[in-house]
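Trainee: In the order they appear, the protein sequences are chains B, F, W and D. FYI, in the numbering used here the residues of the first sequence are 73 to 332. FYI, in the numbering used here the residues of the second sequence are 8 to 284. FYI, in the numbering used here the residues of the third sequence are -18 to 342. FYI, in the numbering used here the residues of the fourth sequence are 2 to 324.
No lab work stands behind these hints, which were simulated from the structure alone. Quantities reported herein were computed from a predicted structural model and do not represent experimental measurements. Heads up, the beta-carbon is just placed ideally off N, CA and C, and yes, glycines get one too. Hints are not guaranteed to be accurate.
[To be verified] Straight-line alpha carbon distances no greater than 20 Å define the calculated PhoX-like cross-link-like pairs of lysine-lysine that follow:
| # | chain 1 | residue 1 | chain 2 | residue 2 |
| --- | --- | --- | --- | --- |
| 1 | D | K128 | W | K247 |
| 2 | B | K144 | B | K126 |
| 3 | F | K179 | B | K126 |
| 4 | B | K238 | F | K179 |
| 5 | B | K142 | B | K265 |
[To be verified] Going by beta-carbon spacing under 8 Å, a handful of chain D positions derived as facing chain B:
| # | residue |
| --- | --- |
| 6 | I4 |
| 7 | L55 |
| 8 | I131 |
| 9 | I136 |
| 10 | S185 |
| 11 | D188 |
| 12 | P219 |
| 13 | R222 |
| 14 | H223 |
| 15 | A260 |
| 16 | S263 |
| 17 | E265 |
| 18 | G267 |
| 19 | P273 |
| 20 | T274 |
[Unchecked claim] Estimated spans, in silico, between C-beta atoms of each pair:
| # | chain 1 | residue 1 | chain 2 | residue 2 | range |
| --- | --- | --- | --- | --- | --- |
| 21 | D | A284 | W | I1 | 31 to 37 Å |
| 22 | W | M(-6) | D | Y132 | 30 to 36 Å |
| 23 | F | I90 | W | F327 | 39 to 45 Å |
| 24 | F | G246 | W | F77 | 44 to 50 Å |
| 25 | W | Y228 | D | K147 | 32 to 38 Å |
| 26 | B | E320 | W | Y228 | 40 to 46 Å |
| 27 | D | R271 | B | H149 | 38 to 44 Å |
| 28 | B | K185 | W | T75 | 54 to 60 Å |
| 29 | W | I1 | B | E320 | 53 to 59 Å |
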Amino acid sequence: MQSNNIFTAVNSVCSFGHGKKLVRAVDDVTFHIADEEIVSIVGGSGCGKSVLAKMMLGLHYPSAGTFLYKDKPITDHCVHWREVQAVFQDPFSCFNQFFPIRNQLKAAFGIYKDKPSNKEMEERVDQALLAVNVKPSEVEGKYPFELSGGQMQRMLLARIFVLRPKVLIADEPTSMVDACVRANILDYLMKLKEELKMTIVFITHDIGLAYYVSNRIFIMHKGKIIEQGTPDEVTQSPKSEHTIQLLEDIPEINREWIKA
Amino acid sequence: MKILKNLLKSPMFIIGAGLFFGTLLIALIGPIVYNMTMDRVGAQYAAPGGGYLLGLDDLGRDYVSLLLSGLRSSLYVGFLAGIIATTIGTLIGIYGGFRGGLVDDLLNMMTNLFVVIPQLVILILISASLQEGRSLTLIGVIIGLTGWTWSARAVRAQASALKSKDHISLAKLNGDNTLRVLLVHILPYIFSYVFMVFIIQVASGILSESAISMIGLGPLDTVSLGTILNQAKNTGALGDGVWWAFMPATATITVIVFALYLLNTSMDGVFNPRLRK
Amino acid sequence: MLKQYPTLRFILMRGGWYFITFLVAVTINFYLPRLGKHNPVDIIMGKSGSGMSTEDARIKEEMYLQEFGLVKVSGSGATREIVRDSEGKPVRTTGFEQFVTYIGMCLKGDLGTSFQKYPKKVVDVIKEAVPWTLALQIPTIICGWIVGNVLGAMAAYRRGIFDKVFFPFALGLSAFPFFVFGMLLVYFFAVGFHWFPAMGGYANNVIPSFSFEFFSSAAHHYVLPFFSIFLILAGGQAIGMRSMGIYELGTDYIKYAKWLGLKESKVLAYLFRNAMLPQITGLALSLGVMIGGALITEMIFSYPGLGMAMLTAIQNNDYPMIQGVTLIITTSVLIANFTVDVLIGFLDPRVKAGLQIGKGN
Amino acid sequence: MAIFEVEKLGLHYLTRFGQKIHAVTDVSFSMDQGEILGIAGESGCGKSTLVNGLMGLFIPPLYPTCGDVRVDGESLMNRTPEDVRQNVLSRKVSMIPQGAFNALNPTRKVKDIAADVMAAHMKGIDKKQIYERLIERFNLFGMDTKRVLNSHPIQLTAGERQRSVIGISTLLNPQMVIADEPTSALDVTTQKVVIKMIFDLLEKGIFSTMIFITHELPLLRHVADNIAIMYAGEIVEKGTAEQVVFDPRHPYTKALMGAMLSAEPGQKQRKPTAIEGAPPNLAKPIEGCRFAERCPSAKPECKQKKQEIRIVGDRQVRCDYAE
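Put together the whole structure using the sequences plus the hints.
Mentor: Below you can see the structure in the form of structure tokens.
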């Protein structure tokens, strides 16, 4: 039986520590994410969204319940990472300061069993750079600290263009960039999705961003997914008490927020 | 390059490097330029002068020759102990800090255990049990083997802080194996730190050797700065006011250690911005 | 079980950890001297037995062997006798049996018999030496630590010319090996100026007693050893405190305290207290080095403490004595460390909080 | 009469290598009693540097370059640190710093930190009086007063810490409060609690005039009366909250507003504004308009001509072409 589910979680738990110190970072979550879907996982700090992201990357295993990628448990990391990749929030801390950025983009090929020829790798890096609107000559021989924040964020995206994964986990990809630059980053992400027919999972605390980019939104709170649905369902007719509270607490320009 | 430029701006670094390379140079070319002899050349504790710049020891040996030889021994022991201690400390620290979990807990426990047991005690116990065959090299090795603990602690803290950095996660997503992650993505970040640890380990190796020699457990196969001092103490040179028996050796040890401390402190100032004005 | 008493729990946990360390230390203390090819009796016999007739030598050797638990013994008290094999040779014990005997003796407070001062017990020699060492080291380490930290904090806070002069000076001080500084002080102030005596804990012509004469003599002999340890210690501590202080100076809470308009003395108090905490931990880590260095300084001054006892023991290959002294040193370092550890738990809420509650949020 | 005036203020800080970064240039504004001024801008725009330079106390590596700051007509510049400490800090101008966790001395209980503040500014007050007044004041904040006061910072929740910091900063009823991103480290629910507390204190008259810094414009719209937008060390637009948020005139403010994403119906179809590039390097002298490189409506002359503040409608805009 072939389903088009990318991720399937049934009563998945991910816990740390033991005894009295047991922390259920992800607590009994059930969901599925379909192929080519854009899903945002929204929640405050410590809600478990980052742990869930790491489960999707295979960096954490479920302590209980089922957690499947394409209907199979995640076993071989290297095989998994050929298809599932990530971008992180702080682009500066993502790259090694001691090596030129271009070499690090090329290092991404390390995930393949059979690396393409050097010439092909160089070509693919060039294409990826052009795809995020950076001339290869601009970053030639440059080290990460010589580039601006916006450029670095695009380098992370270029890495994804190089790897062409099936699934992208984007962990707060815009929280460190200026608001004005954010839309650019989102444009590139959407372009990636169109070109590669990717599935994207956004991890974010910003419901505005989630509302704008996603097909579906999961709201997480204390390790549980308390609400899932389309952006309009979640924001217009939330069912969970906490979601209602959360939406009310977010200051919005056009809505009365606090009585002065 | 920029780092070197900034280092050269620091007077502490210049003085430290000058003193250190100065002594190193003396140790290296001294024996070539100076006609060294370990034979009796005059009366016991003959005062400086008459061709013997720093006088003679209780066996009538030339102090300049003894000092040159002692300086070479001390530097050798310091570097040997420093290299061993830094290597062990770095390997344990970097691996434990990076791995985390049970391996780290065990390594950390072992380190903490040996941190509190005084190194001098272990040195004395081993040295005392090795009656013959207590060579300079062996002493250096023992100092290195017992002195790695704090460098392991220091490196572990650094590696552990790096472990959760995004570039490590990304390296994993690139398929890098643990060895490559350690060598390429962690070591360069803590290299300057490890180097500073090394400098301090060399200094502490020199100090440890002189301490152990001072109590009469020094090398039997050669002269070191510590054995010169031990001899001076044992023969009562101190009480007789024979300054040339211990002053030059004292000054030599202090100058090397001071130079190493200066190097370390000035590097700390450049690598650790908080310490700068 | 002890959840209601976090403080007690904290102390017990640390205590348990130190007990484990102690066991390891005892094991090391036992096995390390046995690394050499010769057993201690051979060495001592090689030295002292040369002039004796073979029968005398054999009796003496067996006595030593029995004394150091190297042969099996049956019976107890007056009926103790060496177990012999068919040829009449004493049956040797295994290393592990020796270890068990050693632990048993340690637990009874018996560290064996000194070779050199035979039949004096090691414990008795140590008992005579310990008061001198404690009287010298505890005040010296505490004073050095306090003075060094106060000066270091001031250098960090004021910077400027004070720091520029003070810092290299302190760095230089800390670069001196402990004993070398002692030698210089002896040379200048004892041999050169005759201000202070060079050797011993009191003058030869006074008898240790509760008399003014004795105490004034002891005080006079105290000065040079005190300063030679104190100055180096203070120098090293000042360097550490200075860099900690500079680090703390850049923290947000110091900035906030300044913005709130707290008095300068109060800001300095904040700075000092918080920079002091890692310094206390540092003290715990470096206690072994300090005590070791101070012991060697005692040797320079022929101070009648543990250092001298150790030196004499080493010079005479008096193994039980060496082992006894090292065990006492290790134990005291561990006790001092434990004290400092518990102390810091009380001074720094973060340490205890780390054990009880997670990060508040 | 304006109680707080800033005139052509410039601030710089020195880097490790002795380079001067002119983080704030040519900032002028004045505030009336009871006014809440919001200052917004993106990271690195100089908003935090600006408020650190408004207290008369310059903590290295921050130094004043030029200009004047006056409270009640009295200048805060060129005064001795001790004079500022005694007569200005906590009484006239008080700072609520960002990141309450780091701002509170980790080894001191909240009540002791608060008591230090009172002891530093009130002569002849004894310990008992101090603690009585503390309890009285902290009772206003809707927390478990006794527990919070007797806790070390690590034992408190983020919200409690932030409220304690606000309590401590306003202990002496300062004339001016400067709040530097007081809620940016908190989740939205706690943020609302903290903002409510600030409004409560305003209502009770504990203080009345405030500068509020944040990078979140929607929040500012609900908190501030007037808003100033900063870019690359300059104020580029200042007007009432309504004006700036709903009818921005400066191209940068327009971009900022356009880039906002919110979870409101219809927002999904709107395309957020995107501008490439980054603000200019403030270590180098800049000619012309600082936004010119990225401005969608830049004219060729913008890169040469320095823009001055001018009045457009009844707000201030630093753009010759704004209408």
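Trainee: Work down the list of hints and note, for each, if the structure agrees.
Mentor: Here is how each hint holds up against the structure:
| no. | hint | verdict |
| --- | --- | --- |
| 1 | D:K128 / W:K247 | holds, 16 Å |
| 2 | B:K144 / B:K126 | holds, 17 Å |
| 3 | F:K179 / B:K126 | holds, 12 Å |
| 4 | B:K238 / F:K179 | holds, 18 Å |
| 5 | B:K142 / B:K265 | holds, 18 Å |
| 6 | I4 | violated, 20 Å |
| 7 | L55 | violated, 24 Å |
| 8 | I131 | violated, 33 Å |
| 9 | I136 | violated, 27 Å |
| 10 | S185 | violated, 12 Å |
| 11 | D188 | holds, 4 Å |
| 12 | P219 | holds, 4 Å |
| 13 | R222 | holds, 6 Å |
| 14 | H223 | holds, 5 Å |
| 15 | A260 | holds, 4 Å |
| 16 | S263 | holds, 4 Å |
| 17 | E265 | holds, 6 Å |
| 18 | G267 | violated, 10 Å |
| 19 | P273 | holds, 4 Å |
| 20 | T274 | holds, 6 Å |
| 21 | D:A284 / W:I1: 31 to 37 Å | violated, 56 Å |
| 22 | W:M(-6) / D:Y132: 30 to 36 Å | holds, 34 Å |
| 23 | F:I90 / W:F327: 39 to 45 Å | holds, 40 Å |
| 24 | F:G246 / W:F77: 44 to 50 Å | holds, 48 Å |
| 25 | W:Y228 / D:K147: 32 to 38 Å | holds, 34 Å |
| 26 | B:E320 / W:Y228: 40 to 46 Å | holds, 43 Å |
| 27 | D:R271 / B:H149: 38 to 44 Å | holds, 40 Å |
| 28 | B:K185 / W:T75: 54 to 60 Å | holds, 56 Å |
| 29 | W:I1 / B:E320: 53 to 59 Å | holds, 55 Å |
In summary, the numbered hints that this structure violates are 6, 7, 8, 9, 10, 18, 21.
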